[in-house]
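Student: Chain by chain, the residues run as shown.
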Amino acid sequence: MKLQVDRDVLAEAVTWAVRGLSPRPPVPVLAGVLLDATPEGLTLSAFDYEVSAKVSIDAQVDEPGTVLVHGRLLADISRSLPSGKPVELAADGTKVQVVCGSSRFSLQQMPTTDYPTLPTSPEPTGTVSGEAFTKAVSQVAIAADRGDTLPILTGVRVEIDGDKLSLLATDRYRLALRELTWNPAAADAAHVALIPARTLSETAKALGAAGSVEVALGNAAGGEGLVGFEAGQRRTTTRLLDGDYPKVTSIFPSSVDTISVIKTSDLTEAVKRVALVAERNTPVRLRFSEGQVAIEAGQGDDAQASEAVEATLSGPELEIAFNPQFLLDGLGAIGTDYARLAFTQPSRPAVLSGQATADGESDESYRYVLMPVRFAS
Amino acid sequence: MRENGRVRTQSSIMHLDLDAFFAAVEQRDKPSLRGKPVCVGGVGHRGVVATASYEARVFGAHSAMPTAEARRRCPAGTAFLYPRGAAYRKSSRVVMDLLREVSPVVEQVSVDEAYVDLSAPGTHDLSTDGVRALVGDLLARIHDETGGLTASAGVASSKMLAKIGSDLEKPNGLVVVAPGRELEVLAPLSVRVIGGVGPATGNRLRTFGVETVADLQRMQVPDLVSILGESHGKGLHELAFARDDREVVVEREAKSISAEETFETDIADRHRLERELHGLTERVAGRLTKSATFARTVSIKVRHHDFSTLTRAETLTHPTGDPVVVLGVARRLLAAVDVSDGLRLLGVGVSGLTDHAQEQITFDDVVEQIEAGQPDEAPAEGVTEEVLAAPTESGDLDTGGPQWGARSEWSPGQDLRHDVHGDGWVWGRGLGRVTARFEGPTTAPGPVHTFRADDPALQPADPPQW
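Chains as they are written, first to last, in my numbering: chain A, 1 to 377; chain B, 1 to 466.
Same shape as in the complex, but just chain B (with noise of 0.2 Å):
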C-alpha cells in the first residue's frame, strides 16, 4: 500500500463482479437446476466448492468449503457439477466486451470479476445520478446478452470502495458512493472488508478492541505499527480513510498462481502428504480456471523441519489447464524429495502462464494410474443423492475439468450430444452407465435417460448457446 494516497474527487471506478457466476451459468444451462442448490467444484472426496449457489449458501456451503462438508450441509438433490471451464469463459467473454463498449480501460481481475474506468472516454455522465443510469442500463445488458446472468456493481472514487460497493448489495445489486460520502458508507463496516485484512490480522485487531472501520480510524500510526509492522500499519491506516490512489491498468497478468500449506505439526506419511498435494493442486487448478489461463511450468515447495525449504519444478511441453496433469507432475516432482524428516510447509505452483491449451488425449487406464497412488480413494460420485447410492465405478476422476477421450470419462455437469434425444449433459454416471439430461438453456426442463458409458450414439459437446 502507497502512503499519502490521493482521492479521486469523482466516483469513477466501477468494479462489477458477477453473482455466483459458475453456478449461474449451470443454472441457466441446466434448467432443471434452477431454484435448488448447486455447488460448482472439486466433486471428489478431497474436492473444494469453487461456487456456491445462492440456494447452496442459504444451507452454508460456500467456496473454499471442502465438498464433503458442503455434502454434509446440504439437502438430498443439491447438484454437485464439475467446472465447465469453457462454458464460463464463454460467457465471461461476453461480459468483458460489454465493459469494453462503456470504457476501454478494463482491468480483468479474474473470469467473472474487473474493474472498469469510468472517466476513461471522457463522455459519460459522471455524476451520482448519470453514473447510476450508466451502470443500471449496463447491469440489464449483461443480464439479457448473457441469457440471465445478473452481476453486482460497485461505483466509487476508489478500486478499494467500488470492490466494497460491489459487495453490499449482491446479488444483482449497484452501489454507488457519492464522492465525499467514502468515509460515512465506510466507518461502520467490519475491517475485514479492507484488502489485507484477514482472518489473522482481524483477530489481532480484534485484541485491540477494534471491530470497525471506524474503530480502525481510530487508531493512532504508531499503535498500528506496533500491532502490525511498519508497512502493513502504516497502509492500513491510509486504506482505513479510503486512501486508494491505485489506478484501473488494462494489462494484469499474473505471472503464477500457488498454495501453500503450513502444517500444525511436522508431515513425514506420504500418503498424507499426497492428500496435501491433492487439496493444494485443486486450489491452484481452480483458480487457473478462474483467471482464465493455462499454464506451462508445475512446481512444488516443500520446507523440512529444520526450515531448509527448497522448490522443484518441471516445465511441460505444452500449456494445460487439466488438474489431472498438474497433480501428475506435482506428484513425481514430490516423489523424488526426501520427506522422512517430516514437512511443516507444503505447496503447488504453477507458472508460465498463457492464454492456450494444447488439449491431450486422456487414457482411463492411465489415469487409474495417477489415481493409483491415492490412499483411501472414494468412490465416483453421481450428481444426485439418488445417484449416489447406486455403487459406481472406480478409476473415475475426481478432480473436474475438461476431458478428453475415452468415453467412460463422463464428468457430472459435462455437455454432451445424443445422435437421438439431442444436446444434454451428465446428470450421473457409474457401473459403466452415464445417465443424462436432455435439455438447454432455452429449453425447459428436459427428460433422463440412462446409456451404457461407450454409448457410440453419444458425444462430448461443447457448452451450448444460450
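Chain A with its partners taken away, still in its complex shape (with noise of 0.2 Å):
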C-alpha cells in the first residue's frame, strides 16, 4: 500500500472513524483502524463489536493494499502533522510509514487476518434532515440513564411510525420525548429500537453536520439488532439494547391545573444563581403566583437564597421543589425563548415545553417531564 492523502482530510477521518475505539478493548486488533486504499481511494474502518464506523476519503493511490494500525496513535500522529501539507502512508515490512514535510513516523502494523468483518448495514429504512436529527437527539438524550441499575434506561428508545419519529428518553427523575417528521423510505414504516443513548450522540453529532442523514433499523431480513446511519461518506452501524423499554406513556398528565410562562433565559439565570446554595442533591423551591415565580433554596442553617422572576399564571398557585440540574437540563433542551411549564399538583409530574413568544402557541413536539421532589416536612 502507498498513497498521498491531504492532512487535513485524513486528520478529520481517522479521528471520526476512532471516536468510540475503546482505550482498552478485549481484543488488540479492536485498537486498530484498517486502511483499505483501492483505485477509488482510501477506507478507514473501526469496529469494537458494539459501534462500527467507516468513512471513504479522497487519496492519490499509487499501490492499492490495506494495513491495520493503532487507531487512536494514527489519529493523534494526523492531527500534529504540520497543516497544509500532503502526507505520505506507505506499508513497509511489517510497518508503516508515515511522512509528512519533514516528520517521518514508523508504526507497526497489526495482524490483519485477526480482524473482524464490520457488520453491513441494513437495509435504509429512511432519512431526517442532520440539523433537525442532531437537535432532536440533543434533547432527549440528556434524559437517559448514566447508571447501570437498569441498562435499558441508558438507551434512546426510538420508534417509526410512517412519517413520524419519536425519540424518548428517561432515567425516572426526568422523561424526554421528541417527535418529528421524516421520510421514510416505505410509507408504512413501523420499528421501535432502543439505541444506546451516548453512541447515539455521538453518531448525530459527527453526522449532523450533513445535510441529511439515513437511518437503518434492521429486521429480521438483514442486520437484526443493529442500526446503521449513514452521512456523506461516513456510515456507522450501532448494536442496539435489547430487552423492553418500560411503559411511560401514562406519565403524561391528562390534565393541567396551573399553567406558568417564563422567559427561559430568565428562569435559567435565576436558578443557577440560587442553586450556588444547594449543596449536592438539594432541591430548589419555585413558587408560582400571579405575575411572579419566587425561586429559593437552603434553608435552617445552611446558605440560602432567593429571587423572583416575571412569569404569567393560569390556574391557582403551585410551590413545587426540583432538583436543579433536572430543571437547568430540560430549559436547555427546549431550545426556545419562552418556557412553559405545566402542573397538576406539586407531589405531581411538570410538564416543561417550549414556546417562541409569551402569548402563543405552546410547542408540544419536545416534553420533558420532570418529577418533583418530596418533602418530609
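Everything labelled a hint here was simulated from the structure, so no lab data went into it. Here the structure is a predicted model, which is why all the values come from computation and not from measurement. C-beta atoms are modelled at their ideal positions from N, C-alpha and C, and glycine is treated no differently. Certain hints may be false.
[Claimed, not checked] A few chain A residues that don't get close to chain B, going by computed Cβ distances all over 10 Å:
id : residue
1  : Gln4
2  : Thr43
3  : Pro124
4  : Thr181
5  : Ala189
6  : Gln345
7  : Val373
[What the hints assert, rightly or not] Short derived list, chain B residues pointing at chain A, Cβ under 10 Å:
id : residue
8  : Glu113
9  : His318
10 : Gln360
11 : Ala461
Now that you have both chains on their own, put them together as the hints suggest.
Tutor: Below you can see the structure in the form of C-alpha cells.
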C-alpha cells in the first residue's frame, strides 16, 4: 500500500473513525483502524463489536493495499502533523511509514487476518434532516440514565410510525420525548428500537453537519439488532440494546391545573444563581403566583438564596421543588425563548415545553417531564 | 444509661404520643371507616402492620404483626390500607408546630411522638394543676386543629416516667406524675415498661422472681450485675428508682435505620433469604416513613455459618423513601453474596438520611421485574374481603408507599381525584379496574364507583385537607 492524502482530510477522517474505540479493547486488534486503499480512494474502518465506523476519503493511491494500525495513535499523529502539506502513507514490511514534510513516523502493523468483518448496514429505513436529527437527539439524550441499575434506561427509544419519528429517554427522574417528521423509505414503516444514548449522541453530533442522515434499522431480513446511520461518506452501525422499554406514555398528565410561562433565559439564570447554595442533590423551591415565580434554595442553618422572576400564571398558585440540575437540563433543551411549565399538584410530575413568544402556542413537539422533590416536613 | 442519675424536682418533661396515629388519620380522611377496624401497613402476603386502629386491636391485631395474621384475626370488612406517608406528615407537622408554641424545646422522636421541656420558656405554671391545665388545653387544640386526632401525654420529672405516663391512660389520656411520687407510680408496673427491658431481659428477670419494678427495686446491684452484666445491670438499677436525667434535645437525628434477623438454623436457600429480605425491608421502610426521613444509602449485612460477617452498601443518586427502591437495591446486593454455605443472620439498613426525596417515575413492567424474583407471590389484594374475593391482577406492588407514574398502580387507601365525582380514595382494585369511594374528612361516608384502572378521568391526588 502506498498513497498520498491531504493532511486535514486524513486527520478529520481518522479522528471520526476511531472516536468510539475503547482504550482497552477486549481483543488488541480492535484498537486498530483498518486502512483500505483502492484506486477509488482510501477507506478507514473501526469496529469494537458494539459500534462500527467507516469513512471514505479522496487519496492518490499509487499501490492499493490494506493495513491495520493503532487507531488512536494514528489519529494523534495526523492531528499533530504540519497543516497544508500532503501526507504519504506506505506499507513497509511489518511497518507503516507516515511522512509529512520532514516529519516521519513508523508504525507497527497489526495482523489484519484477526480483524473482524464489519457488520453490513441494514437496508435504509428512511432519511431525516441532519440538523433536526442532531437537535432532537441532544434534547432527548440528556434524560437517559447514566447508571447501570437498569441497562435499558441508558438507551433512547426510537419509534418509527410512517413519517413520524419519536425519540424518548428517561432516567426515572425526568423523561424527554421529541417527535419529528422524517422521510420513511416505505409509507407504512413501523419500528421500535433502543439505541445506547451515548453512542447515539456521538453519532448524531458527528453526522449532523450533513444535510441529510440516512437511518437503517435492522430486522429479521438483515442487520437484526443493529442500527446504521449514513451521511455523506460516513457510515456507522451500532448494536441495539436488548429488552423491553418500560411503558411510560401514561406519565403525561391527562389534565393540567396550573400553567406558567417564563422567559427561558431569565429562569435559567435565576435557577443557576439560587442553586449555588443548594448543596449536592438538594432541591430548589419554586413558588408560582400571579405575575411571578419566586425561586428559593437552602434552609435552616445552611446558606440560603432567593430570587423572583416575572412569569404568567393561569390556574391556582403552586409551590413545587425540583433538583436544580434536572430543571436546568430541561430549560437548556427546549431551545425556545419562552418556557412553559404545566402542573397538576406539587407531588405530581411537571411538564416543560417551549414556546416562541410569551402568549403564543406551546410547542408540544418536545416535552420534558420532571419529577418533583418531596419534603418530609 | 448513666449512673448517679439525678431527679428533677418539677414535673417539667412531657411525652406526647398520637393515638393509633396512622389508623386515626385514615379514619379521619375516610369517614366510612370510622368506628371500624383498620390496619395500616404492608398489605401483601409478607407485609407487617404498622398501626392497627383501636377497633382492630380488640381482635388482637397490633403493630409489627404480620398482615396475614392480622387478616386471620380481624373480621370481614376490616380495611387493610397502604401507608400514606404524605398524609401522616401533614398532620404531624400541625401537631409539632402546636408543641413548639408551648415550648421551643421539642424533641421529635418520630412522626407521632415527641418530648417537650415545659420548663424551657420559664413562664408556665409547673404545679400539678398548672401542668394539667396547660397540657389539657394542648390536647384539645391538637384535636381541633387536626380534624379530630387524639393524643396521650405523660408529664413527669424524667423522660422515662413521662413516656410511661403517656402510655398509662391511652387513648386521649393525660397522666401527670407529681414530683416525689415517681417510685409510687413505677413500683406496681411490669419491669417491661423500663426502656431496655425487652422480652429476653424480661424472661431472664422472671426466672429470678422479678416481675414488677418493685421487685427490681429490691434487687441488689451486685446481683443485677451478675445476671445482666455490668452496664446493663447498673443502668437498670438506676432506672428502677426513676433516676433518669436525660435532657430534651431539639436536634435528634437518626443517622441510620436498620433491621436484622438471626435465623434459628442457617439458611442457604435464596428464595427463603429473599423472603426474609422482603420482610426486613418493610420494617426498615416503615420506620423510615415513621421518622419522616428519606435515605440515600442502602446496605445489607450477612453473617455466614462461621460467623464471618460482611456488609455491602450502595448509594443511590437521589434519596428515597420507597420500599420498592430499597428492596431492589438490597436484593441486588444480596445477589452478589455467596450464600451457599448458609447465612445465620441477614440485615437491611439505610443511612444518609435526608428530609427530601427525589420522586421517581415508576413503571409497571419494571415493577414486575422486581417482583418476578419472588416465589409464591401472593395475588394483589383489595381493601375488603368482598373485593379480595375477586381474582386480581398480578404485578401490583405489595410493599406500599406512595407510587407515581403508570396508573395501574393504584394502592388501597391511596388518594385520588375523579373529574366528575371529585376527591376520594382507592377502595379496591383488580382485573384492570379500580374501585373508589368518594368521601373526605369533611364529608359523610360517600358512594363507591368502579372504573377502569387507566380511566383518564382518574388522577392520583395529594392528601385531603381536613
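Student: Decide, hint by hint, whether the structure agrees.
Tutor: Status of each hint after checking the structure:
At roughly 52 Å, the least C-beta separation between Gln4/A and chain B is larger than 10 Å, which holds for a residue marked as non-interface. Distance to chain B confirms Thr43/A as a non-interface residue, since its nearest Cβ pair spans about 43 Å, more than 10 Å. Remark: the non-interface label on Pro124/A is consistent with the geometry, its nearest Cβ contact in chain B lying 31 Å away (cut-off 10 Å). No beta-carbon of chain B comes within 10 Å of the beta-carbon of Thr181/A; the shortest separation is about 27 Å.
With 10 Å as the threshold on Cβ separation, the claim that Ala189/A sits away from chain B holds: the shortest Cβ distance comes to roughly 25 Å. With a minimum CB-CB distance of about 5 Å to chain B, Gln345/A fails to clear the 10 Å threshold, and the non-interface call is violated. The non-interface label for Val373/A is inconsistent with chain B: the shortest C-beta to C-beta separation is roughly 5 Å, within 10 Å. Interface hint at Glu113/B: violated, since its Cβ lies 14 Å from the closest Cβ of chain A, which is beyond the 10 Å cut-off.
Hint on His318/B holds. Least Cβ distance to chain A is approximately 6 Å, under the 10 Å limit. A hinted interface residue such as Gln360/B counts as satisfied when its beta carbon comes closer than 10 Å to some beta carbon of chain A; here the least separation is about 4 Å, so the hint holds. For Ala461/B, the suggested interface contact is upheld, since its CB lies about 7 Å from the closest CB of chain A, less than 10 Å.
Of the numbered hints given earlier, the model fails hints 6, 7 and 8; all others are met.
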